[in-house]
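**Q** If you want the building blocks of each chain, they are given just below.
Number of protein chains: 2
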Amino acid sequence: MTAPESSAPRLRGRPRSPATDAAIIEAALRLLEEGASLGGLSIEGIAREAGVGKATVYRRWPGKEALMLDVLRSLEEPSPEPAGVSVRDDLVTILEFMRRRGLAKRNSALLRSVITQMHAHKELWRAYDENVIAARRACLRAVLRRGRESGEIRADVDLELLADLFTGPMLTRAMLHEWRELPDGLAERIVDTVLEGVSPRR
Amino acid sequence: MTAPESSAPRLRGRPRSPATDAAIIEAALRLLEEGASLGGLSIEGIAREAGVGKATVYRRWPGKEALMLDVLRSLEEPSPEPAGVSVRDDLVTILEFMRRRGLAKRNSALLRSVITQMHAHKELWRAYDENVIAARRACLRAVLRRGRESGEIRADVDLELLADLFTGPMLTRAMLHEWRELPDGLAERIVDTVLEGVSPRR
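Chains as they are written, first to last, in the numbering used here: chain D, 94 to 295; chain S, 94 to 295.
Be careful, since some hints might not be right.
[Said to hold, decoys possible] Each pair of labels, with its calculated beta carbon distance range:
| hint | chain 1 | residue 1 | chain 2 | residue 2 | range |
| --- | --- | --- | --- | --- | --- |
| 1 | D | W272 | S | A235 | 17 to 27 Å |
| 2 | S | E126 | D | R205 | 52 to 62 Å |
| 3 | D | E119 | S | A248 | 35 to 45 Å |
[As the list claims (entries may be wrong)] In silico BS3-like cross-links for lysine-lysine, where the CA-CA straight-line distance does not exceed 27 Å:
| hint | chain 1 | residue 1 | chain 2 | residue 2 |
| --- | --- | --- | --- | --- |
| 4 | S | K147 | S | K157 |
| 5 | S | K198 | S | K157 |
| 6 | D | K157 | D | K215 |
| 7 | S | K157 | D | K215 |
| 8 | D | K215 | S | K198 |
| 9 | D | K198 | S | K147 |
| 10 | S | K215 | S | K157 |
| 11 | D | K157 | D | K147 |
| 12 | D | K147 | D | K215 |
Treat the hints as calculated values from the structure; they're not laboratory data.
Virtual Cβ for every residue (Gly too), placed ideally from N, Cα, C.
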């Protein structure tokens, strides 16, 4: 038996027992691995596979979308925390994470299938964007702002464009052109070349 | 009646009458607009819609993939021919084409549906890549090589990386992050900032 409901603040999706959480997430992953589609998965089916009641799942996640976000998070490396010393190095850390994520997607049929399906589910995609990607975007923006303040980055280029210049080349290779290589050192090369520019310095 | 088969060299997909070609392509577009899927379209169905015999279609296109490529081409602006004077201006021409293509995809439900479906059809996607995209890639590479020879671009950055640095930021906005704006002047800003670099010039 778990502690009585009323003793804990009512937070949506707050975990009660990490072991039960993990069992539920693993049950969802097992179903996906066996070929279930994201659309076809139900809280009921996941609860059955995990050997728990539906109420146990709903105590942890308000609905399928929230649960699926945690399922997806369980497949991904956690986003890195930039060290906050050199802006150049922090940008490399962020791009290296994108490179590794691209490699992971190529190497895992499950991750690939879940990401592809998620793009087709508008609600899930929005939830993922608002919960996972938004935090990464905020982290990148903070690094770029710091770079402008420290003088490592020119002050006359807007933040949106800056973000695209650094991440666009990596995103294109990792997510759009999946037949392209993602070699070691690519993050460093992109960051250094964007910082330096490709026309000869006078 | 068309001219006897034997009088013309047997070229695959060689057009015999532009009006019949156009009628067949328009028939395919009509079916797609009415909600037919790429997978569901057949040469037979397209011929029927166009009011011609199957053999008339096959005299022009060896199969559905080749016909679909021309259907897609009919929806897109032709790729631009760079003027060949300044490498900077040629890069702007290429990126501006990408920007307009991104806008077109956003503004046409038909184009959007066809492109999305094409991504899901491996064979068709490969054919499109080999026939349409490859020519654009070759054009970009030729401009970049010219830039290295003329000294407008540093010689120590490899061509693959150069191509990604210029096109990645635009591709990310136009194709991957479809909620982002594609304002006038974006092509120029990307090209100039990548050429110049984002760290302050000493």
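**Q** So if I understand the rule, the pair passes when the alpha-carbon distance is 27 Å or less; does D/K198 with S/K147 pass?
**A** Violated: D/K198 and S/K147 sit about 43 Å apart, past 27 Å.
**Q** Would the hint linking D/K147 and D/K215 be met if the CA-CA limit is 27 Å?
**A** holds (25 Å)
**Q** Can the restraint linking S/K147 and S/K157 be considered satisfied, given a maximum Cα separation of 27 Å?
**A** holds (11 Å)
**Q** For the pair supplied as a hint, S/K198 and S/K157, is the alpha-carbon distance within the 27 Å limit?
**A** holds (23 Å)
**Q** What's the verdict on D/K157 and D/K147, does the C-alpha distance respect the 27 Å limit or exceed it?
**A** holds (11 Å)
**Q** Would the pair S/K215 and S/K157 pass a check requiring their Cα atoms to be no farther apart than 27 Å?
**A** Holds, because 14 Å separates the two Cα atoms, which is no more than 27 Å.
**Q** Between S/K157 and D/K215, does the CA-CA distance stay at or below 27 Å?
**A** violated (31 Å)
**Q** Do the alpha carbons of D/K157 and D/K215 lie within 27 Å of each other, as the hint requires?
**A** The hint holds at about 14 Å.
**Q** Holds or violated: D/K215 and S/K198, Cα atoms, limit 27 Å.
**A** holds (18 Å)
**Q** When you take the CB atoms of S/E126 and D/R205, is the distance between them in 52 to 62 Å?
**A** Hint violated: Cβ distance 32 Å, outside 52 to 62 Å.
**Q** Lying within 35 to 45 Å: is that true of the beta-carbon distance D/E119 to S/A248?
**A** violated (53 Å)
**Q** Between D/W272 and S/A235, does the beta-carbon spacing fit 17 to 27 Å?
**A** Between D/W272 and S/A235, where Cβ atoms are some 21 Å apart, the hint holds.
Of the numbered hints given earlier, the model fails hints 2, 3, 7, 9; all others are met.
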